[in-house]
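Trainee: As a plain string of letters, each chain reads:
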Amino acid sequence: MATEQILDCPLDQVPEGPEFLEAAMRWHFSPETGSPYWLERAKTLGFDPREDVRTFDDLRRFPNVANELRDVRVEDLIPRGYGPDADVVGVFESGGTTGPPKRVVVLRDWLERLMHRTEQDLQARGYPESGHWLSLGPTGPHVFGELVRWQAARRGGIRFTVDMDPRWVKRCIAEGRADEAERYAEHLIDQSAYILETQDVRVLVTTPPLLTRLARRNALVDLVNAKIAAISWGGAHMDPDTRYLLRTEVFPGVKLYGTYGSTMILGGLAERVTSPDEDIVVFDTFSPYITFSVVDQETGGVVRYGDRGQVVMHHVSKSFLLPNNLERDLATRVAPPPGQMGDSVADVGPLPTFDNEPVIEGVY
Amino acid sequence: MEELILLDALGASGPYHSRSRQTITELTGTPVAELSLVPRLFVQRTMAALREARALPPGDRSAALARAGRLFATGTVNGIPAEEYQHIVSRVSGMPITVVRSATAGIGRRAGEAYRTTRHARPQGAVDDWRDPLTCDGHAVWTRRGDVFAVHAAGNHPGVHTLWLEALALGYRVAVRPSRREPFTPHRLITALRESGFGEDQVVLLPTDYAVADDIIRDADLAMVYGGEEVVNKYGNDVRVLPQGPGRSKILLTGGDWESHLGTIVDSVSAFGGTACVNTTAVFVEGDPAPVADAVAERLAAIPSLPPEDDGAVLPVQPVADARAIEKYLLDHVDGATPVLGGDGVVDELGDGSGVLRPAVFRVDRPDAPQTGIELSFPCVWFAPWSRADGIEPLRNTLVLTAITKDDGLVDRLVEDPSIRNVYLGDTPTYLMPPGVPHDAYLGEFLMRTKGVIRT
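The listed protein sequences derive, respectively, from chains A and B.
Counting in the working numbering, the first sequence runs without a single skipped number right up to 364 at its last residue.
Counting in the working numbering, the second sequence runs without a single skipped number right up to 456 at its last residue.
These are computed hints drawn from the structure, not numbers from a lab.
Fair warning: this is a prediction, and the values are worked out from it, not measured in the lab.
Be careful, since some hints might not be right.
[Unchecked claim] Far from chain B, some chain A residues (derived; all Cβ distances over 10 Å):
(1) Pro-18
(2) Asp-58
(3) Tyr-257
(4) Thr-332
[Said to hold, decoys possible] Subject to a maximum C-alpha distance of 20 Å in a straight line, what follows is the list of computed SDA-like cross-link-like pairs (lysine to any residue):
(5) Lys-234/B x Arg-272/A
(6) Lys-451/B x Val-141/B
(7) Lys-234/B x Cys-172/A
Note that CB positions come from ideal geometry on N, CA and C, so glycine has one too.
Excised from the complex, chain B in its bound form (with noise of 0.2 Å):
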C-alpha cells in the first residue's frame, strides 16, 4: 500500500500534525490521506495569533497572490506535483479530472487576479489610503470591516475556494475550515500561499470536527459558511456571517425556440459534473415542457459512464453507499412528477465499490411545485409549465437565473427582485462565472464598509 499523505493542519506558528486524525478516503473506499484535526484550544489560540499579525502591503499582498496562484496551479506543493493533486482530488470527490484541472487553473488565475478584482466592488467615492489627496476636502476611505475572516468551506467543487483569496488580497488574515470531504485544495493552496509570501500567521488551515467548528466563527469578526439551508437557517440572522447556502440556479425560456437554446440548457446542468451551486436544477418553459425535457434528456441520457479520472468522463461518482443514498433522496421526493429520465434509479456501479450518479430529469405539472427547489449534487433537473400569469414568484431565490425572453418588462421585475442574486439573458449559461461579475454579490461589500476622513 502506498503512504498515506499527511494533511497537517496549517496553524500560526506552522503545520501541526496531531493526534486526532481522519482517514480520508478515496471513491473505493482505500486510504489515502489522514488529515490532522485540531482541538479548540488549538483553534483559540492560532485565532488569536492570526488577530494579533500584521497584514502585507497592499502590493506584496498582490504579488504573493499571484505567485501563489501559478504554484499551487502548475507546482509542486508539500511535494505533490499538480497532475497528481488533481488525480487524487478525482479519485476522492469524484469529480471529473477535467473538472478539477479546469478548477486548478481557475484558481490559479483568480489568485493573480484577486487584489484587481476586489476593485470592483470599492465604491466610486471612495478611495483606499487615508493619504489620498481628495480626503483633504473630506471623503470616503475603503476600509476593512475587521482584521479576522473565516471560512466553512465546502468540498463539492475546488473553486469555493477561489472567493477567500479577495479576503486575503483586501488585508484580512484567513482561517479555512476544510470540508471533511475534500481538503487537498485548501491545504495546497494555503501551503501555497505560505509559501510566497504570506504569513504562518496570516492564512490559516483549521480542520476541526463539528463541535469546534463554531468557534472557528465566533473568534473571527467576519465569516462566510457554505451550506444548505440549515446554514441559512443558522446564520442567517448573523450580520458577522454570510452564508453561502442553496444555488436553485434556473433557467426561464419563454417563446417557441428552444431548439436552439439545447446545448444551453444541457451545460448549464451538467457542467461541473452537476456539483456546482451555479448548475441549472429547474427549468421553466412557456408552453409546454415535455418536448424540451424529451430533448435534454436524450442529450444527458448519451453521457457515458465513466471513472472520474478518465479524460472522457462528464458525470460525479461517489462510493456506492453515499450515490445510493443520493438516489434514494431522489426516488423519495419524487412525490407525482413525471420521470423522463432517472425515473428508476440514478446509479451506475463501476464494480471497484463507487457509481456513477447519472443524469435525473423529471417533469411538474405547476411552476410553484416543491420539486424546482430540490438541488442534488449530480445533473437532476426539474422542468415545470410556466406563463406570463404565473409572474416571478417561481423564479424567486436563485443563485443565477438564465432568461431567454424578449420581455424587458419581465427582466426588469427580475433584476431588481432581492432574491435573485444573478440575472444572464438570452443564450448564456448559468454556469458562467466571468471575472468581474459578482458571484453572489461581490465579496468586497461584506468585507469593506467606507469611512469618513477630512484632513484640515
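Here chain A stands alone, though its shape is the one from the complex (with noise of 0.2 Å):
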C-alpha cells in the first residue's frame, strides 16, 4: 500500500504495526514529506529511519528529543507533505516543570483520529449521550482543556470551564507560597460552584488533587452525586486509596474514570474497563499511534510484566513524530489487549523524588 493510505487508513481501521511505522518514517524522513525539524535532525542521527526502523522495538533507538521543543519554530515541526495549507487546530505547550515549555502542532487529521478513538471509549464506559462538561483545569497553552472542549463538542454538549495556570501552582510551591497555592485552588473551587449549582453539567473533568479538594465541600459533594453522571480525572496521579474513598464513599453513584495523557503524545487514553471489585487503573494505548514501553530506570531495558518501570512514550501519526520520550513517570508494565503494539500500564504515578536529607539534629 502506499505511505499515505496507510497513515490516512480510515478511522475505525488499525493499521497493521510493522507496515504503518514503515510507512510513517518513509513519510517523516522523505525530503518532500518530512518536517523541517525531522530531516535536518535526520542528519545527526546516525541511522536512516526508512532504513533502520521497522518494529516496535526499533522506536528506541530515536534519541529523546522532547527538550528540543522546547525552542523549534512551530512551522518547522509540520509535515511538508501537508503543503503550505496544512490544517492546524492549535498548537499546545507542556505544563513547565523542567524549564521552558515543550511545544506541539495538532492538525486536524489528528484530531479527528483521536476524537473516533475517543468517542469509542466515550460510549464504551457508558458516558452519558448528552448534556454539558465541566472542565476544571489546564486550558490555556494546554491540551487538557481542549480535549474537554472536542469531547463535549461531539456530543452536542457545551464545555463549561474554570482554568487552571498549572505553572503558576508549580512557582508557588517552588517558592515556598504554599499559602499562595492554597488560596488559589480554593478560587477555583469556587468558580466551580458556580457553574455546578445553575448549569445542566453532566461531565466533569478535573484533576485528582482539585477533585479532592472539591470533596472537601459538602454541598459541592451533593450537587455532584446529583447532577454529574461521570467524572473523567487526569493530569496528576490518583492514588489507589483515594481511588476507593472516591467510587465507595464520595461519589458512589457516579462513574470516575481515569485518562492517562500527555501534550508530547497528542492527546490522552482512557482507563480500562473493569470489573468494579478491581483495585486497579489500567491504561491501554491507542496503537499504533500512542504507545507505551516500561523500562527499568538504570538499564532502559523493558522490565517484566508486574514489575515497575519508567513509562516511555511514543507518538507516530501522519502529523507528528515523538518516539522514546521518557516520562517522568512510574508504572506498572501490563500485557497488552491483542493487536496493541507496546505495553499497557497500571498504577502510574510519578517518580519518587528525593526527600530532604534525614533530620539528625534533636531528640525527635
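From the two separate chains plus the hints, produce the assembled complex.
Mentor: Take a look at the structure:
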C-alpha cells in the first residue's frame, strides 16, 4: 500500500504495526514529506529511519528529542507533505515543570482520529449521550481543556471551563508560597461552584488534587452526586486509596474514570474498563499511534510484566513524530490487549523525589 | 518469618486498612509491621467527622481515660499483651526495655490523672460550667478554644503521648499523626481509648506521608507539633500551633561541691537513654569544668553496651547506618571542642546490624559556644565554664534548667526569663516530670480560655 494510504487509513480501521511504522518513517524522513525539524535532525541520528526503523522496538533507537521542542519554530514541526495549507487546529505546550515549555502542533487529521477513538471510549464507558461538560483544569496553552472541548462538542454538549494555570501553582510551591497555591486552588473551586449550581453539567473533568479539594465541600459533593453522571480525572496521579474512597464513599453513584495523557503524545487514553471490584487502574494505548514501553530506570531495558518501571511514550502519526520520550512517571508493566504494540500501564505515579536529608539533630 | 503486625489507620468510622502501607522494621532491618498510610481525602473526611462529633460528658471522659490507661498499661490490646508491646517498641525504637516499661506505666497513670491534671491550668477566677451559681453575679467560665485538636507526634519516647490525653480530658476531639519511627504506642493507646468508651469519631490515628501532614493541622482548630528548630521556625508565628521544639535542657553548677551532684548530672544526661527533651545536653560549671566532665565521663563510660531488650540496657540502639549518621553529625560539629569521651566515635556495633550509641562528653572553652545548643538523641553532653559575669544569657532557651546555686538573685532572674520554661533548684535531675508540674507550661493554657458569663 502507498505510504499515505496507510497513514490516512479509515478512522475505524487499525493499520498493521510494522507496515504502519515503515510508512511513517518514509513520510517523516523523505525530503518531500518530512518536517523541516526532523529532516534536519535526521542528519545527526547516525542511522536512517527509513531503513533501520521497522519494528516497535526500533523506536527506542531514536534519541529523546522532547527537550528540543522548547526552541523549535512550530512551522518546522509540520510535515511538508501537508503542503502550505496544513490545517492547524492548535499549538499546545507542556506544563513547564522542568524549564521553558515544550511545544507541539495538532493538525486536523490527527484530531479527527483521536476524537473517533475517544468517542468509542466514552461509549464503552457509558458516558451520558447528552448534557454539558465542566473542565476544571488547565486550558490556555495546555491540551487538557481543549480535549474536553472537543469531546463535549462531539456529544453535542457545551464545555464550561474554569481555568487553572499549573505553572503558577508550581511556581508558588517552588517558592515556598504554599498559602498562595492554597488560595488559588480555593478560588478555582469557588468558580466551579457557580457552574455546578446553575448549569446542567453531566460530566466533570478535573485533576485528582482538585477533585479531592472539591470533596471538602459538602454542598458541592451533593451537587456532583445529583447532577454529574461521570467524572474523568487526569493530569496527575490518583492513589488507589483515594480512588477507593471516591468510588465508595464520596461519589458512589458517579462513574469515575482516569485518563492518562501528555502533551507530548497529543492526547490522552481512557482507563481500561474492568469489573468494579478490580482495585487497579490500567491504561491501554492507542496503538499504533500512541504507544508505551515500561523500562528499567537504570538499564533502560523493558521490565517484566507486573514489575514497575519508567514510562516511555511514543507518538507516531502522519502529523507528528515523537518517539522514545522518557516521561517522569513510574508504572507497572501490563500485558497489552490483542493487537496493541508495546505495553499497557497500571498504577501510574510520579517518580519518587528524594526527601530532605534525614534530620539528625534533636530528639524527635 | 512471623506474621507482620498490621497497624491500620484508626478513622472516624473504624480501622482502615489502606492500600498504601509503610513497612516498619526493627533495628536489624527485619520487618515487624505494616503501617497503613492514608491519603489527603481520608484525612479531610476524618477531620470533618471529628468536628461533627460530640464530646463525652466530663465525668465519662475522666472514667474512660482511666480505664484506657489501665488497659494500655496492663492489658491485651489489638491482640498484643503489654509485655509484647514493650518488647516491640524496644526492638523498633532501640529504647532500653526498662525505659519502655516505665513509660508504659507512666502513660497508664497519666491517663488516669489526665482530667485532674487539667484542673491545675484553670484560672482561679473561672468555673467549669455556666450553671455554676457564681455566674449569677457574673463570672469567668473556662471554655475550649476549639473542638478539634491535632498532634504531630514524635517517636523518641512513648511518653510524648501523655500530653494530648489532657486535650481529650478537656473535651477536644483529637487526631494524632504518629511518628513513622514508632507508631505502636499511639495505635495501642487510641485503640485502648476506643475500647474504654471514647467514640471512633472522638479520637483518631492518621498515619500519613509528609505531604499530607499539614492537612491535619489545617483542618484542626489547634495543634501541637513535635520537632526540632525547623518546626519552631515553621509554626512559631501560627497562634493555632504549639510547637514542641528542642529541649536543650541544662544544668548550672555553682559552688565548689560538685562531687555530691555527680549522680544527678549523670542521670540527667543518661535517663531514658538520653532520648528525651528533658535530658541534660549542657552543663555550665562555675570554675573549672574539666574535673566535673572527667568524673561524669568516667561514670558514663562504665555503662555497658547491651541490646535494648536486655534488662540491664541503659543506652539507646539504632540501625548501624542511622547510628553512624548521628555519629558523623556529632563529629562534624565538634568544631574545636575538647573530647572527654566519645571523641573517636560513639557507635558500638552489636553485630546484628544494630549499634549502641555510647555516651559522649565534650568540653568547650566559653559559655556561649554554639555546641552547647546541640541536642542529639543519645547521652551527649557539653561542659562549659560559667561565671557570674556571664549572666543568664548562656542559660536561656531551655526546657528544664537545674540550677545548683545559693544565689537567690540569680534564681529570680532565671525564673523571670521567658525562654527558660522550667527551673529546678538544688540536686534535682532535669528529667523529673511529676504530675502538677507543667512540662512546657500547662497544655490547658493553650487549649482553653475564659469567657465571661453573667446571669440576670
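Trainee: For every hint, state whether the structure bears it out.
Mentor: Evaluation of the provided hints:
The Cβ of Pro-18/A sits about 39 Å from the closest Cβ of chain B, beyond the 10 Å cut-off, so the non-interface label holds. At roughly 38 Å, the least C-beta separation between Asp-58/A and chain B is larger than 10 Å, which holds for a residue marked as non-interface. Every Cβ of chain B is farther than 10 Å from the Cβ of Tyr-257/A; the closest lies at roughly 17 Å, confirming the non-interface assignment. Distance check for Thr-332/A against chain B: the nearest CB is about 13 Å away, which clears 10 Å, and the non-interface claim stands.
Simply put, Lys-234/B and Arg-272/A have alpha-carbon atoms about 43 Å apart, too far for the 20 Å limit, and the pair is violated. Annotation: proposed proximity of Lys-451/B to Val-141/B holds, straight-line Cα distance about 5 Å (limit 20 Å). A threshold of 20 Å between alpha carbons decides the hint, and for Lys-234/B with Cys-172/A the separation of about 17 Å falls inside it, so the pair holds.
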